[in-house]
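**Student:** My request is simple: use the sequences and hints to build the entire structure.
Protein chains in written order, with our numbering: chain A, 9 to 326; chain B, 9 to 326; chain C, 9 to 326.
Careful, some of the hints might be misleading.
Since the list gives no way to pick one copy over another, a pair counts as held whenever it fits inside one copy or between any two copies.
To be verified - Pairs of lysine to any residue, SDA-like flavour, derived with a Cα cap of 25 Å: (1) Lys-64 x Tyr-261; (2) Lys-64 x Trp-274; (3) Lys-289 x Ala-48; (4) Lys-303 x Met-62; (5) Lys-98 x Thr-134; (6) Lys-64 x Arg-195; (7) Lys-137 x Arg-258; (8) Lys-216 x Gly-242; (9) Lys-136 x Phe-288; (10) Lys-235 x Asp-165; (11) Lys-136 x Thr-47; (12) Lys-289 x Phe-227; (13) Lys-137 x Tyr-101; (14) Lys-235 x Ala-48; (15) Lys-64 x Tyr-74; (16) Lys-136 x His-100; (17) Lys-299 x Val-109; (18) Lys-75 x Asn-178; (19) Lys-75 x Thr-134; (20) Lys-98 x Asp-165; (21) Lys-98 x Asn-317; (22) Lys-136 x Leu-40; (23) Lys-136 x Asp-259; (24) Lys-289 x Ile-319; (25) Lys-289 x Tyr-43.
The hints are simulated quantities; they were obtained by calculation from the structure and are not laboratory data.
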Amino acid sequence: ARVLPAEDTVDSNPFALFNKACLKNVFTVLLLFIYLLLTAVAVFLAYQTITDFMEKLNHPVMSVTYKEVDVFSPPGIALYPGTAQLLSCKHHYHAHIPPLVTSGKPQPGDCVTEEVTYTGPYNNHTVKKALVVSGPTDVRNREVVFLQFSQNETEEDFSAITYMLFDRYNDLFRSVDRSAFMQDCERNYSMWTFSGGFRTWVKMSLVKTSGKANESMEFRQESSVVKYNDKRSGSEQKGVQLFFVVFEWRDPYVQEVRDIVTANPWNTVAILCGVFMALFKAANFASFSVKWVIKIRKRHLRNRNRELNHISSEIQSR
Amino acid sequence: ARVLPAEDTVDSNPFALFNKACLKNVFTVLLLFIYLLLTAVAVFLAYQTITDFMEKLNHPVMSVTYKEVDVFSPPGIALYPGTAQLLSCKHHYHAHIPPLVTSGKPQPGDCVTEEVTYTGPYNNHTVKKALVVSGPTDVRNREVVFLQFSQNETEEDFSAITYMLFDRYNDLFRSVDRSAFMQDCERNYSMWTFSGGFRTWVKMSLVKTSGKANESMEFRQESSVVKYNDKRSGSEQKGVQLFFVVFEWRDPYVQEVRDIVTANPWNTVAILCGVFMALFKAANFASFSVKWVIKIRKRHLRNRNRELNHISSEIQSR
Amino acid sequence: ARVLPAEDTVDSNPFALFNKACLKNVFTVLLLFIYLLLTAVAVFLAYQTITDFMEKLNHPVMSVTYKEVDVFSPPGIALYPGTAQLLSCKHHYHAHIPPLVTSGKPQPGDCVTEEVTYTGPYNNHTVKKALVVSGPTDVRNREVVFLQFSQNETEEDFSAITYMLFDRYNDLFRSVDRSAFMQDCERNYSMWTFSGGFRTWVKMSLVKTSGKANESMEFRQESSVVKYNDKRSGSEQKGVQLFFVVFEWRDPYVQEVRDIVTANPWNTVAILCGVFMALFKAANFASFSVKWVIKIRKRHLRNRNRELNHISSEIQSR
Numbered sequence: 009a010r011v012l013p014a015e016d017t018v019d020s021n022p023f024a025l026f027n028k029a030c031l032k033n034v035f036t037v038l039l040l041f042i043y044l045l046l047t048a049v050a051v052f053l054a055y056q057t058i059t060d061f062m063e064k065l066n067h068p069v070m071s072v073t074y075k076e077v078d079v080f081s082p083p084g085i086a087l088y089p090g091t092a093q094l095l096s097c098k099h100h101y102h103a104h105i106p107p108l109v110t111s112g113k114p115q116p117g118d119c120v121t122e123e124v125t126y127t128g129p130y131n132n133h134t135v136k137k138a139l140v141v142s143g144p145t146d147v148r149n150r151e152v153v154f155l156q157f158s159q160n161e162t163e164e165d166f167s168a169i170t171y172m173l174f175d176r177y178n179d180l181f182r183s184v185d186r187s188a189f190m191q192d193c194e195r196n197y198s199m200w201t202f203s204g205g206f207r208t209w210v211k212m213s214l215v216k217t218s219g220k221a222n223e224s225m226e227f228r229q230e231s232s233v234v235k236y237n238d239k240r241s242g243s244e245q246k247g248v249q250l251f252f253v254v255f256e257w258r259d260p261y262v263q264e265v266r267d268i269v270t271a272n273p274w275n276t277v278a279i280l281c282g283v284f285m286a287l288f289k290a291a292n293f294a295s296f297s298v299k300w301v302i303k304i305r306k307r308h309l310r311n312r313n314r315e316l317n318h319i320s321s322e323i324q325s326r
Numbered sequence: 009a010r011v012l013p014a015e016d017t018v019d020s021n022p023f024a025l026f027n028k029a030c031l032k033n034v035f036t037v038l039l040l041f042i043y044l045l046l047t048a049v050a051v052f053l054a055y056q057t058i059t060d061f062m063e064k065l066n067h068p069v070m071s072v073t074y075k076e077v078d079v080f081s082p083p084g085i086a087l088y089p090g091t092a093q094l095l096s097c098k099h100h101y102h103a104h105i106p107p108l109v110t111s112g113k114p115q116p117g118d119c120v121t122e123e124v125t126y127t128g129p130y131n132n133h134t135v136k137k138a139l140v141v142s143g144p145t146d147v148r149n150r151e152v153v154f155l156q157f158s159q160n161e162t163e164e165d166f167s168a169i170t171y172m173l174f175d176r177y178n179d180l181f182r183s184v185d186r187s188a189f190m191q192d193c194e195r196n197y198s199m200w201t202f203s204g205g206f207r208t209w210v211k212m213s214l215v216k217t218s219g220k221a222n223e224s225m226e227f228r229q230e231s232s233v234v235k236y237n238d239k240r241s242g243s244e245q246k247g248v249q250l251f252f253v254v255f256e257w258r259d260p261y262v263q264e265v266r267d268i269v270t271a272n273p274w275n276t277v278a279i280l281c282g283v284f285m286a287l288f289k290a291a292n293f294a295s296f297s298v299k300w301v302i303k304i305r306k307r308h309l310r311n312r313n314r315e316l317n318h319i320s321s322e323i324q325s326r
Numbered sequence: 009a010r011v012l013p014a015e016d017t018v019d020s021n022p023f024a025l026f027n028k029a030c031l032k033n034v035f036t037v038l039l040l041f042i043y044l045l046l047t048a049v050a051v052f053l054a055y056q057t058i059t060d061f062m063e064k065l066n067h068p069v070m071s072v073t074y075k076e077v078d079v080f081s082p083p084g085i086a087l088y089p090g091t092a093q094l095l096s097c098k099h100h101y102h103a104h105i106p107p108l109v110t111s112g113k114p115q116p117g118d119c120v121t122e123e124v125t126y127t128g129p130y131n132n133h134t135v136k137k138a139l140v141v142s143g144p145t146d147v148r149n150r151e152v153v154f155l156q157f158s159q160n161e162t163e164e165d166f167s168a169i170t171y172m173l174f175d176r177y178n179d180l181f182r183s184v185d186r187s188a189f190m191q192d193c194e195r196n197y198s199m200w201t202f203s204g205g206f207r208t209w210v211k212m213s214l215v216k217t218s219g220k221a222n223e224s225m226e227f228r229q230e231s232s233v234v235k236y237n238d239k240r241s242g243s244e245q246k247g248v249q250l251f252f253v254v255f256e257w258r259d260p261y262v263q264e265v266r267d268i269v270t271a272n273p274w275n276t277v278a279i280l281c282g283v284f285m286a287l288f289k290a291a292n293f294a295s296f297s298v299k300w301v302i303k304i305r306k307r308h309l310r311n312r313n314r315e316l317n318h319i320s321s322e323i324q325s326r
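**Tutor:** This is the structure:
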């Protein structure tokens, strides 16, 4: 029953009362300051986290993945032989091409081919005749497609046959309007050439780019050229030019390029939860410690008051 | 001593009792609802965080890094000259090849070479003879290896010498079973050719792919071909075909492709900590505010009761 | 007034006092253990999060981005024709080159060119004469630059014209010291060649690598070579070699390679906040549950004591 009246005594003491009020104000200001500091820290962390999220969202990483395949779906090889004539088209394995027989003469082949006539997509609107061949598929056994062409003496400046590669031969095969399909291909794909009098060995690899809206397929090529040793008689050789081309897959990898967004909004929210929790906890600690300091201070004042009361009562009792 | 009985009075008042019980039920339901909502939010965030983790785990980003080197370790250049003969092999710098002297004749060289005979890895099991040359290393000074071959008139259809590049010449040098080593190489690496009558300049670059289990090295090549101006006499020229090839590093960068898993399980756990802390805190707030509302309501009722008591006692005292 | 003295009774009971002290010690140890365990978990998570951050910081992901452009700024094509002479330089569209007229004779062109003479950057310090041509820009309409050169019978071993590609023709144009500019280019860029008697079709693509300090531009090339059908008279043909080269953009994409640091320090700090919050909360729970167990135990002891007191008082009253 002593404690409470003692406190009342303190409170009723005008000096102590003033002292306590002052103390309380000081600590309130301190507490407010700590609160503000912590809020600033939390807001800064939150800002940084959100900025990082926005940054990641706006600058997606393009991921390049190499997907291994066992077999490719047959690509389409569109050849524009012009006046040249297809002599043979044959599949070979282990990148081994047997010696030529009766070169310059048509030979049996085993290719799936398709002829498409269409008007060129550009302003001159010339009629184009494409010979589309189904390409190699068995990359493990190094399947190659070997084509031979012959061309009579021409007025062309360069002995060249143009070709174009597109993703799937079957897309053409299944297409209802093959002319439109080929026009589209010509607009999208790049043209290449190979030379007469040489064997051009084309190693193709596929690059698949998945954009936001559409998916595009593109071929990368590495080619090497070797001279043809013409063993035909001079007259025969003079009039007719021979073309040899080999198509092979470079390696069993399809390069896939896709946007990957490393920013995850929920992840960001989850991180922000942690930040605000830390803010609350720190505020808690601050308020707790301020209260504790006030309590200590009060007890100290009380004890001093009690002592003063004790002394004054002793003085009175004398 | 007044306060507690006052509350007892409230509790004993049947209407107030009913009122308080009803209030408590309503707030319990509200509290439960808030709890459920918060749990749902936390579970959703946790689910998203875990999903993101799994997504990242299953779709590793393939990182393409370009590592700059000062010198390369010498690559192995395995040449399959067949009936052709090595005339010279020399290192040059600054990509400058001095004019040829006595072309078609063997000349002194400075290459480290090694001959390996082995049976081909494919079903025909032909014996293959590879001439392995230690490639250029000093990419900064544009070191090139220049090789010349001559081949007598052959029955081959194409004037071609096949070659293959592998990662380190020293691996062959240190290998105990060189035939097995070369068989392995042939299975894994791609074959290339260069043509007679031309100088083929091969620019190689190295791509290192680190998969989960194994590491593979692969060469990318860009080659350019220029015609040889044969200045030998007609008869000499007729019988013997000359081959020239130059190997050079494209640039001082090794492209390293590796899987990088951006998902870190501990990171995910750390993020989840934040989520669940937020849940607890929010639940705390909810329960605290509900208790506070109950307290306010109680005090209000108590005050009203006291007033009623006061009024009734005044009535009684009259 | 009954409750407090009852507790005093318990405290004054030596056996119960010992019991309570023992219980308190056991729970203090338990609490300490739980605290340590939680601290270990939090430290582990923090360690993992920081390790992940350091790992990401030290192994930046190189991001490969494909930026689509509508037009390229004209690249610089530096040609080193040596004794060869430029016959014509013309821009064509849709990758279509019309038939040659009066081949071997100079023809009107429409190229922007610039001649620069400078000393080579390597030790031999030869004077070099570069003919710099402004390259194609309109990739959408497949703009090509077609150049023809003629060279009189030379003593050179190989019919080759060297060229070099650099990023922007305008950089040379605006440069104050063009010789120094070209020297720099030669040091940084790779040299290429094309052959006489052939048409070399160069498809270029641009790779921009942004390192920490500097930014580098590099060209990737895919080239194909086709034979020139020389229709000039024998004598004319003998003495003069013709060169044809075509420069075209491969595709409208600029490949940009940049380091992206997936590690964000503030993000890591934010995650750590969550971890430490979880630690505090768990510690809170542990201390709360231990206090609760102590309370339960105390109440149990008190109840037993009360019963004992009751029994003893009953015994006394008998």
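**Student:** Give a verdict on every hint.
**Tutor:** Taking the hints in turn, this is what the structure says about them:
Taking CA atoms no more than 25 Å apart as the test, Lys-64 paired with Tyr-261 passes between copies only; the shortest distance there is 22 Å, against 29 Å inside one copy. Taking CA atoms no more than 25 Å apart as the test, Lys-64 paired with Trp-274 passes in both settings, with 14 Å inside one copy and 14 Å between copies. In this homomeric assembly, Lys-289 and Ala-48 come within 25 Å of each other (Cα to Cα) both inside a single copy, at 14 Å, and across copies, at 20 Å. Proximity of Lys-303 to Met-62 under the C-alpha cut-off of 25 Å is found in neither arrangement, the shortest distances being 47 Å within a copy and 45 Å between copies.
Only between protomers do Lys-98 and Thr-134 lie at most 25 Å apart by alpha-carbon distance; the minimum there is 23 Å, versus 30 Å within a single protomer. Proximity of Lys-64 and Arg-195 under a CA criterion of 25 Å is satisfied in neither setting, with 34 Å inside one chain copy and 36 Å between copies. In this assembly of identical chains, the alpha carbons of Lys-137 and Arg-258 lie at most 25 Å apart only when taken from different copies (24 Å versus 28 Å within one copy). Within a single copy, Lys-216 and Gly-242 get their C-alpha atoms no closer than 47 Å, and across copies no closer than 49 Å, so neither meets the 25 Å cut-off.
Neither within a single protomer nor between protomers do Lys-136 and Phe-288 lie at most 25 Å apart by alpha-carbon distance, with minima of 74 Å and 72 Å respectively. Proximity of Lys-235 and Asp-165 under a CA criterion of 25 Å is satisfied in both settings, with 19 Å inside one chain copy and 9 Å between copies. Taking the shortest Cα distances, Lys-136 and Thr-47 never come within 25 Å of each other, neither inside one copy (71 Å) nor across copies (67 Å). For a Cα distance limit of 25 Å, the shortest separation of Lys-289 from Phe-227 qualifies neither inside one copy, at 58 Å, nor across copies, at 56 Å.
In the homo-oligomer, the alpha carbons of Lys-137 and Tyr-101 lie at most 25 Å apart only across protomers (21 Å), although the nearest pairing inside one protomer, at 29 Å, exceeds that limit. Taking the shortest alpha-carbon separations for Lys-235 and Ala-48, neither the intra-copy value of 75 Å nor the inter-copy value of 72 Å comes in at or below 25 Å. In this homomeric assembly, Lys-64 and Tyr-74 come within 25 Å of each other (Cα to Cα) both inside a single copy, at 23 Å, and across copies, at 16 Å. In this homomeric assembly, Lys-136 and His-100 come within 25 Å of each other (Cα to Cα) only across copies, at 20 Å, whereas the closest approach inside a single copy is 29 Å.
When the C-alpha separation of Lys-299 and Val-109 is checked against a cutoff of 25 Å, the pair qualifies neither within a copy, at 102 Å, nor between copies, at 97 Å. When the C-alpha separation of Lys-75 and Asn-178 is checked against a cutoff of 25 Å, the pair qualifies only within one copy, where the shortest distance is 21 Å, while the shortest distance between copies is 30 Å. Taking CA atoms no more than 25 Å apart as the test, Lys-75 paired with Thr-134 passes in neither setting, with 40 Å inside one copy and 33 Å between copies. With identical chains, the CA atoms of Lys-98 and Asp-165 are at most 25 Å apart between copies only, with a shortest distance of 17 Å across copies and 29 Å within one.
Taking CA atoms no more than 25 Å apart as the test, Lys-98 paired with Asn-317 passes in neither setting, with 117 Å inside one copy and 109 Å between copies. For the identical chains of this complex, Lys-136 and Leu-40 are neighbours neither inside a copy (81 Å) nor across copies (75 Å), given an alpha-carbon limit of 25 Å. For the homomeric pair Lys-136 and Asp-259, the shortest alpha-carbon distance between copies (23 Å) is at most 25 Å, but the shortest distance inside one copy (32 Å) is not. In the homo-oligomer, the alpha carbons of Lys-289 and Ile-319 never lie at most 25 Å apart, since the shortest distance is 45 Å inside one protomer and 48 Å across protomers.
In this assembly of identical chains, the alpha carbons of Lys-289 and Tyr-43 lie at most 25 Å apart whether taken from the same copy (11 Å) or from different copies (18 Å).
Figure legend: structure checked against the earlier numbered hints; hints not met, in rising order: 4, 6, 8, 9, 11, 12, 14, 17, 19, 21, 22 and 24.
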